[in-house]
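So the protein sequences, as listed, match chains Y and L. Residue numbering for the first sequence follows the numbering used here, beginning at 6 and increasing consecutively. Residue numbering for the second sequence follows the numbering used here, beginning at -1 and increasing consecutively.
A couple of the hints might just be wrong.
[As the list claims (entries may be wrong)] No farther apart than 30 Å at their CA atoms in a straight line, the calculated lysine-lysine pairs in the DSS-like style are these:
1) Y/K484 - L/K72
2) L/K72 - Y/K123
3) Y/K377 - Y/K501
4) Y/K91 - L/K137
5) Y/K490 - L/K137
6) L/K72 - Y/K489
[As the list claims (entries may be wrong)] Here are some of the chain Y residues that sit facing chain L, going by a computed Cβ distance under 8 Å:
7) Q76
8) S497
9) V500
10) F528
Just so you know, the hints here were simulated from the structure itself, not pulled from any lab data. In this text, all values refer to a predicted model and were calculated from it rather than measured experimentally. Think of the CB as a built atom: it goes at the ideal place given N, C-alpha and C, for glycine as much as any other residue.
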Amino acid sequence: MFFFLSFTSIFISISRVYPPSNETLVIWDAQTGVVIKEPGIWNLSHQHIDIRGCSPITFSDQRTMTLHCGQYFYTYDGFNGTQLSKTELPPPECHQLGAQWAYKGSLRFAMRVKTDGKHVINIQELQQTSNPLYSMVNSFPVSPYDGEFSFSPVSSHASFVTEMEVVILNVQDSKILLYTKVAQPLYNPPGCFSPNGCFFACGTLGDEICVWKNTPTGYMAWSTLQPRLPFQCFSFSSTTDSILTWDQDRIQLLYPDNYVSPPSFNKTKSLHQHKGYLVAFSVDRAHIAVAQQEDAVVMIFDPLLGILQQSIDTGMEIQDIKIANGAVFVVDKHKLIRWDLKAEGIMHGVQSARSVTVDGTLAHRANPDTVKLSALSHDCSQIAFTTRNSVFLYNINSQETSKCKTTNQFQRIQFSPDGHQLQLGAWVYGIGRDYLMQLEIVGNHFTNTATQDLKHKWVQVNPQSAYGYYVGVESEWVKDSEGKKLLWLPPSWRVKDSDEVRWEDNLLVLADSRHSEPITIGFQL
Amino acid sequence: MSRSTAQLAGLSVLTQSQIQGSTNINSLLDTAADCLRFVTEFFGVISQSATHIYRSALVLAPHSSIVWRLYSEKLCSPAVRAMTGIPSSWDSCTATATTGARVHCAVWSPCGQFIATVLESSIVEVWDSTTLERVSVLKPPATDVPRMPQSPAISPGGHLVVCFYMNVRLE
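Input sequences plus hints: build the corresponding full structure.
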């Protein structure tokens, strides 16, 4: 889907850095991986082909292949690499290629052209002969739609896609089969028809693929596929059974026939935009509270039954959550709220929009507009928060505040497991590493002792199990202390960063924000 | 384990479930589809360790799946238990894989059985399109200059893989 953009960007970068290049065609035996010919034979530089921005290769029969580059079609013998023809595109020059496909040993293509002020879609054929000629198969006048053009040779349907609109029409009678405005912006490239003409699909900036089904009455919304992995490009399989997506070094297969299940947890956000999960356990491990950073929803799970017990919309941009004394505590930059687990979501302290709040305790906090980060102590008796140049420690019960001046803007904050230190982390771009600061806490005050460290990476609380279980970055196995394989992890569950792993005794939480909810796994002791 | 072996494994599961009383043809087809889905989803671990069909694959299978309903009772004392995060049903994603380097582009074979990914490292990888098992790794002949892969394709029948390379020289 991003072919055009990626080719364009490659072209730009190459044209800036590199002198003119030559091209090589390599042909392999697909089963053995053996290169069929030596590369020297395939050097095509003398033919002056600029393959940058070329279309994919189309085989018009078992051995004849054609690609479209710039103003030309190039045809080769796929067995011996001989160039069979080089054919200039027919006029006019103002055109947009919507598709090319094999048709009875020849190559056909659909182009949107503008001639004498009129827009038409021409279906033309290129005979694969030593002296190739174009012939016009059909020409259909169309309205001057905006957007990227694509064409299905099976259904004779054309699509025009802009950032927020999709138009599909039958070129034979100009009947509009789909006109829709989409909820999320679409990727700029044109979307694509399935090879059998039954579906049309577009990717959205929300990392979804919208699929419409071709029906006798027009195109109807068929499914919204939510891939497990982010993607930049996708394409239908030739049999339309599957969709392949790719991005970075990951590929995935999707079934367009599968209706997506309703999002279970904030799945409408882009996979690229998810922030990390916050996870809190009750002391007896009977409850797990989960929220995404700066999101509003807190979910309470029963880990033994594996069920969602409560889902609470706090209306806050959550900074931290904890469970203590049978209650869930949630803090953002402005306020603290609490609710008893037994009270099933009856919250306290949410009456005020800005200042405080559990039972009126937070009235003397700093100006909330200046608060950057906040965190709760494990027993929920203290809140630490940062402003531009200070760190504060606020005791919820005594309402005492301790303050420490800093010079750094921190991005992370947490209490150490024993609660005796406040840890702050910042990524320092100038030196390309984490800057860590640790403030000692005695009672309700910071001491004057601050430890500062430029060497170590930020480590989340409880990255390892007390029982020696561990899971490494990119590892496909969770292992015990002796290296025994305990559990295989599917590719989409594998840990990208050690921050995504939390252990609580024998419980493992994989808090990768790409998951629709954190994965909790219990290991038998 | 090859793709055909994976299908056999799915068939084996199906045969057992058939023995267990599935007589309705639609039910049988559903079971077959579910077994194939199970094998495809957990091909990575099934191909390494048979015991992890129970220790890992079944533990991670959606609880609404037919395979889980048929065999979960055999997990009487599981060493591992998934508590949250297990999808309630199979999702639309059937397989994922990690390529050897950043993917430049990808194409399907005309028969639909194979996928070719062209990597920015110039290597072409061919994948089975059901399991995303890597079938072969195709390396272009070594050259002295960097290469930029473009326009890959698989021939009809899947016998040939072709790719253009742009040989670029630093100034």
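message: Hint compliance check: list the failing hint numbers for this structure, sorted ascending.
response: 2, 5, 7 and 9
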